[in-house]
Amino acid sequence: MAQRVVGHSWGRPLFLLIAVVANVLVAGARRASAQEQGTVASGKGVDAPKINAEALLARPVTVRMDRVSLRQALTTVANRLNISIEYRIELLETAEHAVTIDAKAQPLGAVLDQLLAGTALHVVVTAPDAIALKPGEIVRLRNGGITGTVTDTKTQQPLRGVMITLDDATKGVRTDENGHYRVDGVAPGVHRLVARFVGYGRRTHSVTVIDSATVTVNIVLEPGVNTLNQVIVTATGAQRYRELGHTVTQLNVDSLVKDAPITSISELLTARVPGLQVLTSGGGTVGGDVALRLRGQTTAKLDPQPIVIVDGVRYKNTNAINSSGVSEDSRPFFAEQRSPLNDLNVNDVEKVEVVKGPSASTLYGPDAANGVIVITTKRGAPGKPRWHLYTSPSETAVPTDQGATVGYRAWGHDPNSGALYRGNCKLTDQAGPSPSCVLDSITVVPTVSQQSQFSVLAKNRPQWHSGASVSGGTPSLTYLLSGDYSSETGALQLSRFAEQFLRQQMGTTSLSQALKTPNTQQALSLHSNVVSQLNATSTVSLTASYTQANQTAINIDNLYGNTYQAGAIPPGVDTTDPNTISGYVPTSVFFRTTAEQVRRLTTSLSGTVQPTKWLTADALIGGDIGTSVDRGVEQADAEYVGFGGQVLDYRRSNTGRNASAHATATAHPGITTLRSSVGIDYSYTNLDGLNSSGYGLAPGSTSISTATSQSNSQVWSEMATLGGYGEEVVGFNDRLFLTGSLRLDGSTTFGDSYHPRPFPKIGASWIVSDEPFVKRLGVPGLDELRVRYSYGASSRYPSSAMKYGTIQAFSTTIEGSTRNVFNRDQLANPLLRPERTHEAEYGADATLASQVHLGLTWYARRTNDQLNTLTVPTSFLPQWANIGDVTNHGFEAVLGVTVFETQNVSFTLNSSYSHTINKLVNVGSAAIYQDATGSFFPGYPIDASFGQTVASVADTTGGQADGIITYNEVTLTPSHYLGVFSAPNTYTVNPVASLMGGHFRVSTLFDGQSGGVQLDRFSLNCGLSGLCIAPYLKTTPALQQAKFAACTLGCYIVSSNFTRWRELSVTTDLPEHFLRPVRLSRGSISAQVRNLALWTNYKGPDPESVPGFGMVGLNSAQHGASGIPLARAWTLRFDVYP
Amino acid sequence: MTCPRPLMNIRLHVMRALASATVLTSMTIAACHGALDVSDPTLIRDTDIANANGANARRLNVSSTLNQNAPSLASDVAYISDEWMYDGPLNEDYSTSSRVLLDRRDSPNYEIAAGTNDQHLGQWDQVYYQTSIAIPSVRAYTPDSLKGDFLAQLYAIRGYAALQIAEDICPGFPLNDVSSDNRPLFSGPLTTDSAVALASAQLDSAIKYVHDSTRFATLARVAKGRALLDQGKYAEAAAVVATVQTTDVYQTESPYNPMYVDPNSYCAGCTFTAVGNNEGGNGMPFVGAQDPRVPTQFAGVANADTTDSLYAFTGYTPGPFAMTLASGVEARLIEAEAAANLNDPNWLTILNTLRSGVGLPALADPGTMAAQIDLVYRERAFWLYLTGRRLGDLRRLIKNYGRAPDAVFPAGPYRLGGSYGSATSIPFILAAEKQSNSKITSGCTSR
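Top to bottom, those sequences are chains W and X.
Per the working numbering, numbering through the first sequence is continuous, rising by one, with the last residue being 1147.
Per the working numbering, numbering through the second sequence is continuous, rising by one, with the last residue being 607.
For reference, chain W alone in the conformation it holds in the complex:
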């Protein structure tokens, strides 16, 4: 029995006979012709006698089928081309098997070759629109291969790490350092080759592989801003950006680090992600703490920072609070803390994805309500060992022009006795019927900024970052090993004057280097990754990052305020005795030293299996283990003679463990695509710490064992969380995607009587520009237009101790002897539950005229069940409870414009803007307060500032104007809202120029903030500490005098708007003739500058330098920027590839 398959017409028996004969005659010629073309070939011959078989077999056909029967496939092809395909059905039954094909405008012959591969059938053209399938010998074809190079379309530079996949497989190969890739063992036929790389649009090629041949396919990728075909790593695996209902920002770290002045993760994140603010603690210090705010602050008492996930492992990134919510505060003497976020070497990072808010981060589980930063480290690529060496020496300096370099000292005498007045003879001291002093003279006083004996800011401090990596392997086993060593010296130094003083006090002739240079950092980072392709469907990967760092630091809080007036020498006073000097001297800050040692290992073992083409399963176990030892020493007599000195020794051990598994299945029924994911994850964190202190050291000793008074205390927390989730993504015609998911967690930190509630998420993404009706409209210049919506809920967890009623044990003398006492110090809350944040996000992405990429996003967020302590006015012990609500809303825009582009020259401009603001809408029964340094008051932002300002001034005391404004001549306003410390508006501008075909690149970055306030400590100190001459002169304007006379902090809360020239880099690839003699394959050199300039009306040291007792503020952006300005760094970076 014969089966005849036709499209719209049936039967052409005459042509069948002719075709059989022609097949025999022409087969050899066709094979040769096809092989010459290199892309269309087959082991089966196709003969065409008088009819034009070539024309028929060359007709393009588009067909996409997944695991359908051969009969169905042939029917579909016949229908598409309106031809008939005839065969004996019994032949087909013997060859019945499922076939998959994805051909877009491919020649019919190639499509049939692929469909009939492995069968004994061959094609005979029997008529201009008819084909017959005939039996023959099974031709055993040998596999071929695909190879090529991937380059950047603008820079022409090879791209390393591009993922190359074949036929929609989840796993693939990556390009090596030279952009090369190779896929072996490819079955003959037509294949769909996909190149994906972070920051670039996906590129798909249809490739036909012939018998045992290797096809070369070079691929050019185009960078783009949120190009819809970018691939994003989501909680459920890799997804195309076009499928997501929310926005995600990607950073291609590998190329950024080479071309920009970036030495840490925090520098990488600064001003690169709309809505992400990076707050620095130490200003110009090295190794200071940082804190992140993503889309503002949504919590009043818990850690407001986004969580960080490195290679699937939850990564501890904050000092302020650990993942269990326990404050660590581990730095002795409130010295600046080292940021755990920066333990990870930025040179080991391949890409960073920033997932903003609960609408995007629902599936990430605990504490994801603040957003998630997903970091993927580098991996190896197959091939010979490839080396990469880099080094980047830097010089840094703190700009002293950002603060007063001189202060003033006003001399006077007692009006009654005529004796020298020992204080500063201010206007207010000169006023009234009984003045304290009569002004004699004013002298200029050096300050910490001036290059004088009092200066604590050294210029031109060195920094070194050097590293190497080697990668390579085989297709079944790749590896990457890297190491980095950095050595940095901060700008702070012991002044000559303070050095002399300390030597005198301590009775020594020399001081330790730690005292002379109290801010240094050395770090060693090692990173390794091994990926083993166990078989065609299974992969195992082992990744480990180890960091060892030593840092020394001091407390720089109010460094300027404490040391600025620095010491004015009264006439006739012994100048070698600082105790006779008015005000503070640098020793007030420097007599203590603090050192921190950090050891940290982050590792993961993950496996992926793809048992079928439509099902992928992953599993991971990982750990993040760290220890730190912080040791603060103040030697005997360092502060003043007779003081016994002290040692503080704080030790911490953090343990984080993760285990997770998830599976994703895909299906393509009809016009829809289904993507179903389920997963489960477990995380455990533990903090164990011991604080030891000793007071009263033996002279010269720094050992606690010699202390006359010793004490110990423990810090501890523990949390375990187990969660599961499911997600379904439904796509229609590859242009409308609907997402629904649900997550449920259990945690040891929830109240015992609380039953967890699920966290839902929905999303929609509609590629409007792909809709036929839009294409028919033919909107000029519109390449892509996508609208999206996402809603989700996520959480922030209570700490391990919040739910318990706790009892404190202590000893005290009572009833005549020392007895143990148990005091209930916290009431339990069995209903304690996580803070729950809901967010709705909507926006649009567009690409216009292939040159403009635009992304707009709005969001509104509400956080309920805020965790706070119940205010118990009658001294009930504090009880944690879920009270109060916070709302946030904001807007983000990104714009990328290719201004012009030629083969050799291109210029692009990327910019972003974000606005975010929060409001306490309900505080429940928590304590409210309004203060200039922070507030907690309904109707206002969490970090709002309130205070009094000058309402009016009247110089009327005594019925006459004496030119001096005193306290009772000033009327202050009632306390009122002054602004918010977290600047609501941020913006960036990032022009990039590429010359010489991409071999010479210039990039710069400007960013700024507006709408926020800070404490102007310089102006405050002007009145308090004589940093200006105004407090002494009657010519000072009345309003300024009024501030000195009557104001507290409120008058000095001022706008902190600024624009900073953040980065400038010039990079050139080294020419081959220069590299070849030294056996280098590639190389580049980059000159970079960071923090070039600052434009601001803010008069403090730096609106971004916000120290706060050694760590960045937990619940607000901190305030009273009083640290030292951000350091300016000049860097040369050399990258070479042997």
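No lab work stands behind these hints, which were simulated from the structure alone.
Heads up, some of the hints might be wrong.
Claimed, not checked - Only pairs whose alpha carbons sit at most 30 Å apart, straight line, appear in this in silico BS3-like list of lysine-lysine:
#1 X/K594 to W/K928
#2 W/K360 to W/K267
#3 W/K1108 to W/K468
#4 X/K393 to X/K368
#5 X/K599 to W/K928
#6 W/K622 to W/K360
Predicted, not measured: the structure shown is a model, and the values here were computed from it.
Here the structure of chain W is known, so what remains is to put chain X in place on it, guided by the hints.
Just chain X now, kept in the frame of chain W:
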């Protein structure tokens, strides 16, 4: 459709099964706290101390809390009454100094300055509710041989705290407590009388439970006597303290003395707490009387007017401190007041017997009832100086004996400017109470 329906159905079934299995598994495991147990070595749980030692430690915590709070709260009484007066530089802003605002009886501004911190009521209430935690534990785990006395002590302290709140705080205050399962129990507004009655009931329990301890009996009976005086039950008051020996005493223990004022700490332009001397015209001449019960030492000349001499109380030392909460002397003073009210001439004998013990000359009978009461209260002022009694005494003079507030409290021009206010009690802080206690919606019903 390009996919065979049976194949597609199988795949969808697999996907559904995977999803269901994972969600069900995670929900089951998440709901099972056993899988998520962690151990916390720093936590002491109630079950850990459900024994005799634990009960005793909780009892001692009550005593410790009382020892910590009572002296500092007696300072508040000293300021608002005539026991202490405040001195400081004239150009200082006194609008937010609680000490100054108490000293000049400015309770409205004192309440504003306190913000959301109700220290006086809060600390006494802390003593009160700690007994609620300790009493069930002592009742359950303390051996019978000790149980009676321990319960007596706890009830006596509980009653003492309630009585002190009643005597110090303006009416309308809450007396919050803790339940046996450690949940807060918020009270509605109380009057002074209702709080005294509540204290009296607690003290009755203490007297009932006391077994062997003279100290605990002294605290219970003297406090009960005070409560009865407040209620105008003079005969009952005398009766309840009759068994207290004059030498009996119940004192706090503290490693330091918060009420110690160093005479040498005075300096021009500094703040200083001085012994009141005819403060506000009505105050006792604690300095001028040169009474051995209130020893003083000259410290310096007042900033306020540069003429007044300031004196520090030297009856206290800076080191370990014991403040008398109840004593046989106070028992005798209660008996004297009761006798005076009952026209019993023995009142003067009682006072003179006490005075002779410290070498003071005998007093003469002033003749009138009012003058006798004045004399009794003058004696109380000197005997009980800086023990937190004076405010209750002045309020009793107003309530029980009809004296005008401005006739017993310091009044007239205030030495640092302005005039004395009209407060006759320490206000509770409404803003603080309202935050957690929905039953409290208004402040002092009288000041």
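Status of each hint after checking the structure:
1. X/K594 to W/K928: Holds, because 22 Å separates the two Cα atoms, which is no more than 30 Å.
2. W/K360 to W/K267: Measuring from Cα to Cα gives roughly 13 Å; hence the hint holds.
3. W/K1108 to W/K468: Cα-Cα ~22 Å, so holds.
4. X/K393 to X/K368: Holds - the C-alpha atoms of X/K368 and X/K393 are around 20 Å apart, at most 30 Å.
5. X/K599 to W/K928: Between X/K599 and W/K928 the Cα gap is close to 28 Å, so the pair holds against 30 Å.
6. W/K622 to W/K360: Holds, because 27 Å separates the two Cα atoms, which is no more than 30 Å.
Violated hints: none; the structure is consistent with every hint.
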